[in-house]
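Number of protein chains: 2
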Amino acid sequence: SSLMDCMINGAGSVMTEGPSRGKRHSLSHDAGLYQMISLFIFISGCGSVLNVKGEVEMDAFVMDWKTLATGAVSAVRDIANPTQLARLVMDKTSHACLTAEGANSSMPTLWSAKLSISINESHPYTFHICFFCFCFFSTCRGKMGTVGAVAVDSEGVVACATSTGGMLNKMEGRVGDTPCIGCGGYADNNSGAVSTTGHGEAIMKVVLARLILFYMEQGQSAEAASDSALAYMKSRVDGLGGVVTVDPQGNWVARFSSRQMAWAAAQKDTLHYGLYTGEHFTQSIDEPH
Amino acid sequence: SSLMDCMINGAGSVMTEGPSRGKRHSLSHDAGLYQMISLFIFISGCGSVLNVKGEVEMDAFVMDWKTLATGAVSAVRDIANPTQLARLVMDKTSHACLTAEGANSSMPTLWSAKLSISINESHPYTFHICFFCFCFFSTCRGKMGTVGAVAVDSEGVVACATSTGGMLNKMEGRVGDTPCIGCGGYADNNSGAVSTTGHGEAIMKVVLARLILFYMEQGQSAEAASDSALAYMKSRVDGLGGVVTVDPQGNWVARFSSRQMAWAAAQKDTLHYGLYTGEHFTQSIDEPH
Numbered sequence: 012s013s014l015m016d017c018m019i020n021g022a023g024s025v026m027t028e029g030p031s032r033g034k035r036h037s038l039s040h041d042a043g044l045y046q047m048i049s050l051f052i053f054i055s056g057c058g059s060v061l062n063v064k065g066e067v068e069m070d071a072f073v074m075d076w077k078t079l080a081t082g083a084v085s086a087v088r089d090i091a092n093p094t095q096l097a098r099l100v101m102d103k104t105s106h107a108c109l110t111a112e113g114a115n116s117s118m119p120t121l122w123s124a125k126l127s128i129s130i131n132e133s134h135p136y137t138f139h140i141c142f143f144c145f146c147f148f149s150t151c152r153g154k155m156g157t158v159g160a161v162a163v164d165s166e167g168v169v170a171c172a173t174s175t176g177g178m179l180n181k182m183e184g185r186v187g188d189t190p191c192i193g194c195g196g197y198a199d200n201n202s203g204a205v206s207t208t209g210h211g212e213a214i215m216k217v218v219l220a221r222l223i224l225f226y227m228e229q230g231q232s233a234e235a236a237s238d239s240a241l242a243y244m245k246s247r248v249d250g251l252g253g254v255v256t257v258d259p260q261g262n263w264v265a266r267f268s269s270r271q272m273a274w275a276a277a278q279k280d281t282l283h284y285g286l287y288t289g290e291h292f293t294q295s296i297d298e299p300h
Numbered sequence: 012s013s014l015m016d017c018m019i020n021g022a023g024s025v026m027t028e029g030p031s032r033g034k035r036h037s038l039s040h041d042a043g044l045y046q047m048i049s050l051f052i053f054i055s056g057c058g059s060v061l062n063v064k065g066e067v068e069m070d071a072f073v074m075d076w077k078t079l080a081t082g083a084v085s086a087v088r089d090i091a092n093p094t095q096l097a098r099l100v101m102d103k104t105s106h107a108c109l110t111a112e113g114a115n116s117s118m119p120t121l122w123s124a125k126l127s128i129s130i131n132e133s134h135p136y137t138f139h140i141c142f143f144c145f146c147f148f149s150t151c152r153g154k155m156g157t158v159g160a161v162a163v164d165s166e167g168v169v170a171c172a173t174s175t176g177g178m179l180n181k182m183e184g185r186v187g188d189t190p191c192i193g194c195g196g197y198a199d200n201n202s203g204a205v206s207t208t209g210h211g212e213a214i215m216k217v218v219l220a221r222l223i224l225f226y227m228e229q230g231q232s233a234e235a236a237s238d239s240a241l242a243y244m245k246s247r248v249d250g251l252g253g254v255v256t257v258d259p260q261g262n263w264v265a266r267f268s269s270r271q272m273a274w275a276a277a278q279k280d281t282l283h284y285g286l287y288t289g290e291h292f293t294q295s296i297d298e299p300h
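Those protein sequence lines, which keep their order, are chains A and B.
Numbering-wise, our numbering comes out as the position in the first sequence, counting from 1, plus 11.
Numbering-wise, our numbering comes out as the position in the second sequence, counting from 1, plus 11.
Heads up, a few of these hints could be off.
Because identical chains share one entry, a pair is satisfied inside a single copy or across any pair of copies.
As the list claims (entries may be wrong) - Simulated pairs of lysine-lysine, DSSO-like, Cα-Cα distance not exceeding 27 angstroms:
#1 Lys77 to Lys245
#2 Lys77 to Lys64
#3 Lys279 to Lys64
#4 Lys64 to Lys245
#5 Lys64 to Lys103
#6 Lys245 to Lys103
#7 Lys279 to Lys103
#8 Lys245 to Lys279
#9 Lys77 to Lys103
Rather than coming from a laboratory, the hints here were simulated on the basis of the structure.
Could you build all of it, start to finish, from the sequences and the hints given here?
Next comes the structure, spelled out in structure tokens:
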């Protein structure tokens, strides 16, 4: 879908195509967001942490409830953007998740079969007016590196994407929360979308993303639901983490029980961002001249 | 835990040790259950379906909420009982899921490090009084073969285990619902335990096992919650499946939207079993002489 295109490839397009493409890439003019986007791409691939054997194995997950579609890959190697491969699993197979060597060996076939999923001139969306909200986080300190994003478009369609290299010194073949649907992310037009980061094993035990959306289905706001679920994870399994959450009306939050989580959100003409608890900076997203 | 031991290895012990071990293996006297147990073990390993390359790749998942523990393996090969490997992941690593070659290559280390998890003379449980309920299903018709079990012990501790070879002609590396926590199974002493079977991709989209327990947390019975969630999966993503569900009080159900699901349950001195919708046969579990 177009929303998913924007989420996965929009950032890359901004970087490679730059401001010369005019208004629809105006977000690239913002240095803060540019840095976040760079980090997003870095962590998504070459910035991943190493497992005990010194290898990079990555997990990724995408979900786009407009088409009831999900895609995930776990323990894949030698790929710059595992989220794109998860997207291919979603679009080009009848499966929801491929793992390890099987996922890697399917890549050439999936890739050649893929439709263009890059933003092009005929794309109906422009980058800063296509969303009610585009909110993402990145964590690259210490033992983990995960990036996640949620978005809702002007029709109330929600989507999420999460990508990670997992945790440092993980065992070969370790799969964390990211590719596990409902844990690393979930998207449902009836309630919203969530992407998560933190201690994967704890996130899995409480099925964190789906838990937040259950709370929202019961009437809680995105913020209350996110805080409730993070508090539950802390008390029940002693786990810390962070989430970005949106509802179909475009209300978004970035919440975390960890000491910090780098996050940013674009909504209308304003960029929001923060790092430590309580931080919430805003600045105007300048139009290109 | 002892409950998990019974679930994973109890069936095998019944088969190999037989009635000579006396009262605590008295369930082996029942031919119907014996057949179910045989099927359980067969499907768990050598009976698995083949992927497009003609290979066997299996997924398995265990969860034991007494210790807040989970373990899963996906796309593992050359192992007779993937559920036991999932158990080793749970007991012997800091991770919740290992996949493919990484999981396989870790097996010797995990195996040598394992404590005895077989039922032995000093085991505090006997096989037919240790449970309020031990309920399992097996599906081996057509394109899929999955076995799952839920149990609750006399202290109200719940556990679940699910094992599958996936779907016929799946892509190499395809991971279904089984090892995905909350999809193929979930166990929580506050609400109950669920193990699922059916179309994995549909089960994943609705996070079926966790959904049933959410309904139970909201006050629904195990039966109503199971039916509600299966109906939701049918209407939302057009998916069919089956579940076994227990609550901490020992109330259990086997429910399915598919045409059939072979299931059996042992509670007190009665064996319950069925295959088609509405079938519910019972017979006494004879004591050994």
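Quick rundown of the hints versus the structure:
Proximity of Lys77 to Lys245 under the C-alpha cut-off of 27 angstroms is restricted to the inter-copy arrangement: shortest distance 17 angstroms between copies versus 32 angstroms within a copy. For the homomeric pair Lys77 and Lys64, neither the shortest alpha-carbon distance inside one copy (40 angstroms) nor that between copies (33 angstroms) is at most 27 angstroms. Proximity of Lys279 and Lys64 under a CA criterion of 27 angstroms is satisfied in neither setting, with 45 angstroms inside one chain copy and 49 angstroms between copies. Taking the shortest alpha-carbon separations for Lys64 and Lys245, neither the intra-copy value of 31 angstroms nor the inter-copy value of 43 angstroms comes in at or below 27 angstroms.
In this homomeric assembly, Lys64 and Lys103 come within 27 angstroms of each other (Cα to Cα) only across copies, at 18 angstroms, whereas the closest approach inside a single copy is 32 angstroms. Taking the shortest alpha-carbon separations for Lys245 and Lys103, only the inter-copy value of 23 angstroms comes in at or below 27 angstroms, while the best intra-copy value is 38 angstroms. Taking the shortest alpha-carbon separations for Lys279 and Lys103, neither the intra-copy value of 33 angstroms nor the inter-copy value of 49 angstroms comes in at or below 27 angstroms. In this assembly of identical chains, the alpha carbons of Lys245 and Lys279 never lie at most 27 angstroms apart, being 34 angstroms within a copy and 38 angstroms across copies at closest.
With identical chains, the CA atoms of Lys77 and Lys103 are at most 27 angstroms apart within one copy only, with a shortest distance of 16 angstroms there and 41 angstroms across copies.
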